[in-house]
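Engineer: Here the sequence shown stands for residues -22 to -1, 1 to 965, where the numbers follow mature numbering (1 follows the signal peptide of the UniProt record, and there is no 0).
The set of hints was computed from the structure by calculation and includes no laboratory data. Among the hints, erroneous ones may be present.
[Stated by the list, open to error] Restraint-style ranges between C-beta atoms, simulated for each label pair:
#, residue 1, residue 2, range
1, Gly202, Gly551, 49 to 57 Å
2, Arg543, Val666, 35 to 43 Å
3, Pro550, Val666, 23 to 31 Å
4, Lys877, Ala942, 25 to 33 Å
5, Asn932, Gln566, 49 to 57 Å
6, Arg514, Asp261, 34 to 42 Å
7, Ala809, Gly136, 38 to 46 Å
Cβ atoms here follow ideal geometry from the backbone N, Cα and C, with glycine treated the same way.
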Amino acid sequence: MRNLALSLRLFLLCLLPTLTLAVFADEAYQTDYHHALVGVPQAHTTFFHRPSAASKASLLYTLSDRLVLGAVNPKDGTLLWRQRLVDSGRNVTSRGFLSAGDGESIVVSAVDGLVRAWDAADGRLVWEWSGQGRANALEVVEMEGVGKDVVVIHKEEGQVGMARRLSAGTGDVRWEFRDESGDIPFAVASSPTSVYYISLHSALLKGFKVKVTELDPVTGKETGQNTLSSDSDVSSEDSILFVGANSAAPLLVWTDKAFKVLKINNIGSKHTTTVNIVNDGADDIEKISVHAPRTIKAQSHFLVHYQTAKSHWAEVYHVDLSDGSVSKAYSLPRVGGRGAFSTSTEYANVFFTRNTEDEVSLVASVSHGILGRWPARLQSYGGLADHEGVSHAVSEVVPKGDSTYAVRSAVTLKSGDWELIRNGEPVWIRTEGLTGVVAAAWADLAEEAQDLAQDLAVEGHQNIFAAYEHRVRRHVRDLQHLPAWLQSIPSRVMASFLGTQPVSQQEGLHRDSFGFRKLIIAATEHGRLVALDTGRQGYPIWSFQAVDIPMGQTWDVHDIEVHERVAIVKGPGGQSLRVDTVTGNVLQRQSGGSIGSLETFVSVHAESGEKFMVPILADGSPGDVSERNLREGTTIVTQGQDGTVRGWVTAKDTKFQMAWEFVPMSGEKVLGAKSRPMHDPVASLGKVLGDRNVLYKYLNPNLLLVTTVGVATSTLGVYLLDSISGDVLYTTTHFGVDTNRPITSIISENWFAYSMFCDPVALGEQDAKSSLPLPKAHQLVVSELFESFFPNDRGPLGSSPNVSALHPAASENGGIAEAPHVKSQAFVIPAPISHMSIASTLQGITPRSLLCVLPSLNALIAIPRNLLDPRRPVGREPTAAEMEEGLFKYNPVLEFDPKWFLNHQREVAGLEKVITSPTLLESTSLVFAFGDVDMFGTRVAPIGGFDVLGKGFNKLQLVGTVVALAIGTGFLAPMVRKKQIDGRWKA
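Could you build the full structure based on these sequences and the hints that come with them?
Structural biologist: What follows is the structure, encoded as structure tokens:
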């Protein structure tokens, strides 16, 4: 019998890994959501293009501000494919270029020195070419008798400018032109017969002269050169508004710094046309942009767009090909608000589309007559986003043949959202403004019952007549919901049987029964705040520009704290923002810099229990909080700019005093300091062994995990500190660590983990000192803390009623707090880990999972905690007691099981951080991952949803069975009673 029970336990243990990794098939892609983004589209790298000459439909291509190349289906806004051209979109300094030839099946990109051609249909790499320096311009040019090829301009070492013509089919260099004049390579232009290399020559006093070098398209040799007198106007590269390409008459347009004159040069000639800019409005011009066709077949017409803070207008010009003269054709009237113009062609015809906040209009370049006009309404989160207007747009025009036209415009809003409008009607919107998330936090929603509780509380504090009147009004008010409630009964009943979501959960902002519906408050580096609803697949319910960020800078948000309905956003320099989590209303603003060298804030409790913010200075020291009545003994830990970790404690005068200081060893620098999560419940004090003994955990809420690196010595130091006393409880050092690779760590309950990349080549003389095997691979190290390695032993402090880290009992450690007993194991993993997090539940009963971001695989995985148990037997098979406990033989190689991938088959790009939140179900935890590109959310149930029925549960069959039993019982009951009565009479 005992052997049978043991066999049954072993069988259940074999099923355990499958159970812990199981995912309900009907929940995949249903309970999780993925915002697959590319970034905010750039005006000069966004266009419609047919992926092949035989294709009748166009796709929408863009190279975003995060240097992500993507193709979007204009029909529904789905992302067909994308390619990241840089490893990270943070602090991008490179300028990207994107071009495509009419009828070509490739799109060509250039970032830094790398030029790549991508298949326009599926995004596969066709060819790539690498050059020195940084690409300054790229064009797919079309010339008579030569065909279409790629011309790219680089600035190489020694102030040398290079222009190269690459084969569009193979990427081979056909010719190159070398400019050793020291001028700045700026752009490339082309006509049907020539290629023009345009550079900027520094003038003697100030400004730049534009130098145009004409090149033979076949050989690349110089055939002519012109230097334009532009130094009085061109003060920087931004002064040049437009450089034409693939045009019968390519143009070069620039303006002065004050936007008073416009200079137009027909490239290849010395003649420049001067146009005086007339501004009849009271506001100064903020921006001028030029729009012209980029195809040889189109007419040489172009539009100049003028934008002020409150209005915009445009002028259309024609170029005479016979003499190169430029003349104004007509003007488009001034309209209030921001607007955007875009150019599209149909054979030789040129059309200009005007997009404003409330209208779309179409004109032909030959005449000012309106060909079409449609009232437009921007979708923009259903009107919940702030109204900021249009930034830029691209359009596609299709003549219908009966003097009518169909126009679809991909409009980029000031918020960063990308919206397609077809004949004035919004078709789809992509929330590209949500890229670059730097901080996020969970916000719980109130229950619907809480509204009733508030009303009852009001009635309880009133007299009997006022309370009765309030209750009658409340009941009358509730009657308005009665018809809708009655109508929803059939749908709710059907939803209950079919397992679909009832309508009532989709309306209003209230918490659901299981706590799955929460808000995520996120801040982007662009200065935006957004709230995502997990109950609606991460749909943004509000978004607004919280801080105006200058061009080239980012919003460095340190943290977001949520207290009830208030989110506190901690910005740089002590900047803070209090926002209502449900409505997005700003409750309070505090600008940074009010305290000298202020860095951030940290929340602490006052004596009254109220939370307030303690300012932290740049050196890591707390600011003055003498006016606050702090609890004596309040401790905070800070890290200064020099990397030193310090502990601060409040004395009786409520001032912070430095209690301890952790200074890394010589040649080392602090990489990071991690504490236990805010929500880190402990369900048991020990581990129950297979023989029913208990191994007690070392549970210290004040643990601090500090990691240091030595760049010169290629070492990684791991220190476990007590944050109250500053005592070092445990330390270890790893040699041969590549400090340039990602190193991340996490601590929870009584265990911690960290990952690194070890390279034996970097060991040198330290090889003999290494305590671990060092294959050239990524490693994951897990350590678990116990009070003692002996079962049922609590250690020297086990019998002590009170324990203090500041006044430890005398022990063999010389008065230092009792150190934990540490058990560690290392695993070789197949991919680097850039971030770790813990998926914990409400009570901590469910075993935790280690969440890891894998940047090389564009994935997020959840590793079951039992697989990382350091007590797994090494070099032998587990005993029966160990097998009953769930331990199995240690394997140094930890392969990533496909079932661990939370993103399934999706590619989640650019993830950097992961935050989790428990639900009301003990089995399930919510997960949200974010970074510089994508956002991803899901639910995690480490050992399955043991406390909730899955969608596959057949409620209809259950009800049918109960009804059948009831009918059968009712039918058989009289027969049984009759038989019993007959039996008694016979007896």
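Engineer: A separate judgement is required for each hint: does it hold in the structure or not?
Structural biologist: Structure-based check of each hint:
1. Gly202 - Gly551: 49 to 57 Å: holds (55 Å)
2. Arg543 - Val666: 35 to 43 Å: Given about 42 Å between the Cβ atoms, the range holds.
3. Pro550 - Val666: 23 to 31 Å: violated (49 Å)
4. Lys877 - Ala942: 25 to 33 Å: violated (38 Å)
5. Asn932 - Gln566: 49 to 57 Å: Since the Cβ atoms of asparagine 932 and glutamine 566 sit about 53 Å apart, the hinted range of 49 to 57 Å holds.
6. Arg514 - Asp261: 34 to 42 Å: holds (40 Å)
7. Ala809 - Gly136: 38 to 46 Å: 40 Å Cβ-Cβ, so the 38 to 46 Å window holds.
Going down the numbered hints, you'll see the structure goes against 3 and 4, while the others check out.
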